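Asker: Line by line, the protein sequences are chains S and Y.
Using my numbering, the first residue of the first sequence is number 1, and each one after it goes up by one.
Using my numbering, the first residue of the second sequence is number 1001, and each one after it goes up by one.
Some hints could be false.
[Said to hold, decoys possible] Heads up, incomplete: computed chain Y residues facing chain S, CB under 8 Å, no partners named: (1) Asn1197; (2) Gly1200; (3) Gln1215; (4) Gly1216; (5) Glu1217; (6) Thr1230; (7) Leu1231.
[Said to hold, decoys possible] Listed below are the simulated EDC-like cross-link pairs for lysine to aspartate or glutamate, each with C-alpha atoms no more than 20 Å apart in a straight line: (8) Lys49(S) with Asp1038(Y); (9) Lys44(S) with Asp1036(Y); (10) Lys235(S) with Asp86(S); (11) Lys277(S) with Glu289(S); (12) Lys156(S) with Glu83(S); (13) Lys138(S) with Glu167(S); (14) Lys238(S) with Asp1144(Y); (15) Lys254(S) with Glu288(S); (16) Lys128(S) with Asp164(S); (17) Lys44(S) with Asp1038(Y); (18) Lys277(S) with Glu187(S); (19) Lys44(S) with Asp219(S).
By construction, these hints were calculated from the structure, which means they are not laboratory data.
For clarity, every value in this text was computed on a predicted model and none was experimentally measured.
For glycine and all other residues, C-beta sits at the position ideal for the given N, C-alpha and C.
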Amino acid sequence: MVVAAILTASIVFSTTNPTSTTRSRLVIATTTSTVDSGLLDYLKPYFDKRFDADMTWLYLGTGQAIAVASRGDADILLVHDREKEDAFLASGNGTHRATVMYNDFVIIGPANDPANIRGAGGAVEAFKRIAEAGRSGKTLFVSRGDNSGTHALEMKIWSAAGLDPRERGWYMEAGQGMSSTIRISSEKQAYTLSDRGTWVKLKSALGEALRLQILFEGDKTLLNPYGLILLNPVKYPKINSELAEKFFLFMVSKEGQRLIESYRVAGEQIFFPAFGKAEDIGLPSEEEEVRYWIKRLSENGLEPPPWVKQR
Amino acid sequence: MGKAEVEKKGGANHLAGWEEVFYGLVKAVELIFSGDPDVVQITILSLRVSGLATLIGGALGIPLGALVALRTFRGKTLVVSVINTLMGLPPVLVGLVYYILLSSTGPLGFLRLLYTPEAMILAQLTMVLPIAAGVTISSVSTIDPKLREVAVSLGANPLQETAILLWEARVGLLTALVVGFGAAISEVGAIMIVGGNLLGYTRALTTAIVLLTNQGEFVEAIALGIILLTLAFLVNAILTLLQMRSRSSLFAQIYTREPRLKW
């Protein structure tokens, strides 16, 4: 009887499953920051409508996103860890990469700033001051500790500061996404490194309940560029490479770049369009990729953003 | 009521502590009665995945449990211990193993099951199966051995004997399904990994709660949690009702009434 009831229920439910099966599904392996900031939710209706697609994403850290993509379990990769991205391309897993947008990282911490990083000359110096205050028991630092892009940058800054904070009493590894890490930092009144997007979104959602502030920002080390990577269709024949290319085109087109620029959280812009602007923001040239994508855009009847038109 | 407070986009009103739980409750009622399509879809997916996982896991686990309980064989204690251990299978481990197996470059990659509701069902039924088997073993084992003797002495063949014992243990078997369903519907570790929490496709109540919590949308997260609890309560209430009805034991009938058995 119970079995019959569950069976009936299951059949009823399975036939009323509203998921459209006719639309082509795109699976983006991406980092928590593009999801937590709400950007992908914002872009989805525009992309879905233009290409009659169903855009979905896997909410992962950059490390896991790259691992999942390299097994062929996603159609396209949107992450922010240049070294791992280059390694991914070098191993033949990906065919094209372009920096599509950027924002920056900020160091946040308790308002009373026990490590006095407000006046630090750079991110490396700020980290040194946090370590010093940590050693004398005045503060804590919460790390993502999840092999994500943010975590990778954090480790890079620690090593530039000549420090290995792991397994120190004042250093905690959350092993979670950016939002969770920020919330843990707030509870512990600790410092942490966050991308601006997630910080602004979480701050607007939690307000005063989040007892942290931006204490250091603006250093060039803290630049956070996001790379979009097309997977190698020869290596991964089962992925939806056609729709993945459409997503790439959408992101580097005038429309996509404008949408990224117009996205606001609590009135603040959190992502800046970067296609064709690599050198302007201090990154290595991407001239070859930019030329390739301009060609593909015009072949697909799409417009490039105005700032790359003149090339 | 409270809509302005619940709507947090403006960032004007922020909630703390019990207020969030309260507005979560308000929001849950609102979501249930407004029939928000996303919430309806997520709820249906959870019910479909966990319902089918319980059904299939039960259909395999209950006979397995009965077999183990009623037969005497070498290594029976070991088998029972293994089943009991597997009753506490960590969902995240199940998820990881299925991810590796179903990954497109994995041994079962050709099935194209990763990030589908079917993969979620597979992972959950793997957890339900040992629970169903374990609870069946313990409830069949506690039946008075006299019933078996009576049945055999009255000429029951092995199949009839098994049927009688399972009927006698039916309250326990219902419990197996209740416990299995409870474990499945509340589980997040496995379906997050093999389902991928894809919007409109594999997003279930528990995985949506994780995402909303990470995004700081606590009121919505609590609301989905309340829907989840309500579902679990309803399923349990139905099964408990069935259990109460079937309490009048066959064994008791044999001893208290005249023997009216047909075989």
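Asker: Can Gly1216(Y) be said to touch chain S, with a Cβ gap under 8 Å?
Answerer: holds, 4 Å
Asker: Classify the hint on Gly1200(Y) as holds or violated, based on whether any CB of chain S lies nearer than 8 Å to its CB.
Answerer: holds, 6 Å
Asker: Straight-line Cα separation of Lys277(S) and Glu187(S) no greater than 20 Å?
Answerer: The hint is violated at about 39 Å.
Asker: Please verify whether Lys138(S) and Glu167(S) have alpha carbons no more than 20 Å apart.
Answerer: The hint holds at about 17 Å.
Asker: Verify the proposed pairing of Lys156(S) with Glu83(S), using a straight-line Cα cut of 20 Å.
Answerer: holds, 11 Å
Asker: Is Lys49(S) within 20 Å of Asp1038(Y), Cα to Cα?
Answerer: Holds: Lys49(S) and Asp1038(Y) sit about 18 Å apart, inside 20 Å.
Asker: Answer holds if the nearest beta-carbon of chain S is closer than 8 Å to that of Glu1217(Y); otherwise answer violated.
Answerer: holds, 6 Å
Asker: Hey, Lys235(S) versus Asp86(S), does the alpha-carbon distance stay inside 20 Å?
Answerer: Holds. Lys235(S) to Asp86(S) sits at ~17 Å (cutoff 20 Å).
Asker: Take a quick look at whether Lys44(S) and Asp1038(Y) sit within 20 Å of each other, Cα to Cα.
Answerer: Holds, at about 15 Å.
Asker: Is Lys238(S) close enough to Asp1144(Y), meaning Cα to Cα at most 20 Å?
Answerer: Violated, at roughly 57 Å.
Asker: Can the restraint linking Lys277(S) and Glu289(S) be considered satisfied, given a maximum Cα separation of 20 Å?
Answerer: Distance of about 12 Å is within 20 Å: holds.
Asker: Hey, Lys128(S) versus Asp164(S), does the alpha-carbon distance stay inside 20 Å?
Answerer: holds, 11 Å
In this structure, the hints that do not hold are numbers 6, 7, 14, 18, 19, in rising order.
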